[in-house]
Every structure is written in C-alpha cells, then in structure tokens.
Amino acid sequence: MLNAMLIDPADNVVVAIEPIAKDSPVEYDCGGETRRLTALEDITIYHKLACRDIAQGEPVVKYGQHIGSAVTDIKAGQHVHVHNVESHSTNV
Amino acid sequence: MTFFGYERPDGRVGVRNYVLILPASVCASDTTRIVAQQVNGAVTFNNQQGCSQVESDQQLTMDVMAGYAANPNIYGTVVISLGCENCQMDLVVKAIQERTNKPLKQVIIQEAGGTLKAVDIAVRYAKEMAAEAAMLQKKEFPMSELILGTECGGSDPTSGLAANPVIGELSDRLVADGGCSILSETTEFIGAEHILAKRAATPEVHDRILEIVRRYEKALRLVGEEVREGNPSPGNKAGGITTLEEKSLGCIHKGGHSPVMEVYDYAKQVKAKSGLVIMDTPGNDPSSVAAMAAGGAQVVVFSSGRGSPTGNPIVPVIKITGNKLTFAKMEDNIDLDASPLIYGEKTLEELGGELYELVRQVACGRQTKAEALGFTEMAIARVCNYV
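Chains as they are written, first to last, in numbering that gives the first Met the number 0: chain A, 0 to 91; chain B, 0 to 386.
Careful, some of the hints might be misleading.
[To be verified] For the chain B half of the interface with chain A, some residues (derived, Cβ under 10 Å), not all of them:
(1) 193
(2) 237
(3) 241
(4) 321
By construction, these hints were calculated from the structure, which means they are not laboratory data.
Glycine residues also receive a C-beta, built at the ideal position from the N, C-alpha and C atoms.
Generate the whole structure from the sequences, applying the supplied hints.
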C-alpha cells in the first residue's frame, strides 16, 4: 500500500501520507512505478523523509524546488525536518 | 453558472445584505458593538486602530474602513466616531464616498452628547437602513461578478498537497468564467516569488511581485527583525513544514495556474472581472482576509491543515483542509475535506468542482461553518508602533 507521496520527480524527499514506523517499508509512486525503501526512524504523518541520500550542504528538494539545505548528511529513509535542514536566505 | 445576489447602486453585487456599524477608531468600537447588538441585520467589528498612528499606518486603517463600507455585502453604513481621533469623520466619509454611493449615516459621540445619546441616534439610523435592506430582492448574476479571496492559515504539508491545489483549481475556474481571484499573503511568497513572477502578465507586474516581497523583508529588517522569526509557526512545524520556502511553495498553489494580472497594495479596491491578482497582505490571517474583504471580495476560501476557525464580519469564509485527521477532529469548523486528493479517491477536477459548487451555494446564502458559529474576528495590518 502506498504510504508516501513523491510530489515532483526531481524531489529528494517524499511525504508520509500515513504514520510510518521505524524499519517498516515506505512505498510511493514515481511516474506509475512503485518505489520502495525502508524508514530508518518513526515518521509522523505528513512529515518528510529522504528518498535518497542527501549530503551535508546539498539542497533539499520538494515541489521540484529548493526548500533549504541539509545541515548534516541525511540517509534515504531518515526524517527530514528542522533538525537537519536550514532555510536558505533569499536575496531577491 | 449563476448565483442569486444583491445588486448595489454602484453596480456591484453582494452575497450578503448587512448594515455595517463602522467604528472610526478604537474609541468608538464599544459603541458600535452596543449599536449592532440592537439591530437585526447589523454587523460591526472591533477597530483597534484609527488614532495615534503615523500616516502610512493610518492609510491602512482608512482603506480597510472605506473598503468595508464599499464591500457589496454591505447594504449601507452607519459610521460612528468619537470626534477627536486622527481618522476624522469627514476623512472617513470622503474615503467611503470615493469608493461607493451606498446609504451612509454619521454619528459623532462627542457631538451627540455622550454614549447613550450616540447609541440612540445610531440605532435609529441602523434600524431604518436594515428595514430598507430587507426589502431588496435577490437577482440572478453570472459567477464572473464574484471577487474571490484566497487564504491559508494554520498550514501543514497537506495544504500544499491538497487544499491549496483545490483552491487553485477553483481560482482557475472563476478566472475562466471571467471573474476575479485574489492571491494574498506576501510573507508566504518568500522562496516562491520567482515562480509567481514568471507568471506575471506584464513586466510591470513581474517587478511589482518581487518588489512587494523585498519591501516586506526590508520593513521587518528596519526594526531589527527577520520574517523567518515566527514563520513557519510552531504549529506549521509540528505539522511537518520545515522552512518558509516550503510553506510558500505550498501557499502559492492557491493561485492555480492563471497569469497574474495585477498587484494591489493592502486593502485597495480590486477591479472585478480582472482575472488572477495579488494583494500585498501579511501572513496573519484575520488581517489578510480583512484586506481582501476591503478590496471587494464577497467570498473567501481559506485552507487550514491544522484547523483554523476564523471568520470575518462581512464576508463568508469557507474552510477547507487536506488533512483527514483534522477534518475528522474539527468537522464543526471545516466546510470541505480535500484529503481524498492525497489518497487518490477523488481527482483535482472533482474536488475543484465540489468547491466551486460550494462557493456558488454560499454566494446564494448558504451559511459557512464560521458564519453558523458567529465568528467575526478580524485585524488591520500595521506598519509600526502607535505614536
């Protein structure tokens, strides 16, 4: 059963659409194909987890856009939130 | 599609038919409350401003007051001032008359001889106006007469996944009908302004979109503050929104995919039938909704992931959530559940159609959940401290 959502193919995070327990499977759709990984920690419903490894300093991508930078290395399956992402300072 | 509404002498069309008891300042606000309580069909609000404000601040207050009186949901207005405030009666009356020719009466408390005498005069004016208002027959109008305000508050990730895209679908449909939709909340364009700017209809609108974002950030920096302090809010973060950029990218979905035709300053009069427009408002919901109501929006659609109950004194506010848990917990406050979009149970077109029909019914008189609960909270944006 799909329990996560990939919004844009360029994204490196998916959104949990059900509560996901540590070590349980994460399934999401990518262009009609179901992709799977394992949650490395408990993920609260509607929170984000990495769907691939994100290196420290790399942009975190959701909606196909940068939403911030990783402040540490983040492994696929880890929770992605305020503890490991910081906002870009935009200077338009 | 059509709805049944109230035709006003200035040519605009209302979806409600209230008499507005308008406080010109904080010092008249308890008086307007007493007056409105005496008159069936009257509405008012607590105006915390109207005096001891710098010029740019006073302008925001004046625009909200004039815009409320001119909003087509209002049949006519009784303005009550104390007498000595900065927002002098003649200034308020002039600002209203620049926007509309609807019925207008004035009461100045210090000239009337105190609270009880002012209340007596104002209640008589308002009762007469309410009696006239009740005689008005509704007529059928095309949906293009609607100016829709769009808002999000207490956002969570489902706002960007479901509720805001559904509002965007509604917005695109209204624009296709020839109507007007307002995208608001400048602080929630930050990090997504480049996407909105690309959708500008002209180079001038493109530059204005970037300018209002820059101006907002600069205004906060002048007082040593950062827009990212307090935004995202603790509730946004608990829900799963990490950064302001992420919140903004979800927020702008409310504007659908239409080109941006114009950018309006806070509470300025919006031109009907002008497509998708932007208004420069704060992320603070009651002051953003108030600005769009002052701009002439007759209906507001408001998404909330966490579950916001807020209404408005003169405009029906329709609540929509994309969070199935929030809908289950707060159904008394929320009009439409958009979460089926996330789970593939309904399409964007289906939910957009449901929301469009709900807006049409609310325009015809159906009460929103916030109206049924009597919620009328509002705020007016501010530039700086009182003087």
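Each hint, compared with the structure:
no.: 1; hint: 193; result: 8 Å, holds
no.: 2; hint: 237; result: 9 Å, holds
no.: 3; hint: 241; result: 5 Å, holds
no.: 4; hint: 321; result: 9 Å, holds
Checked against the numbered hints above, the structure violates none of them.
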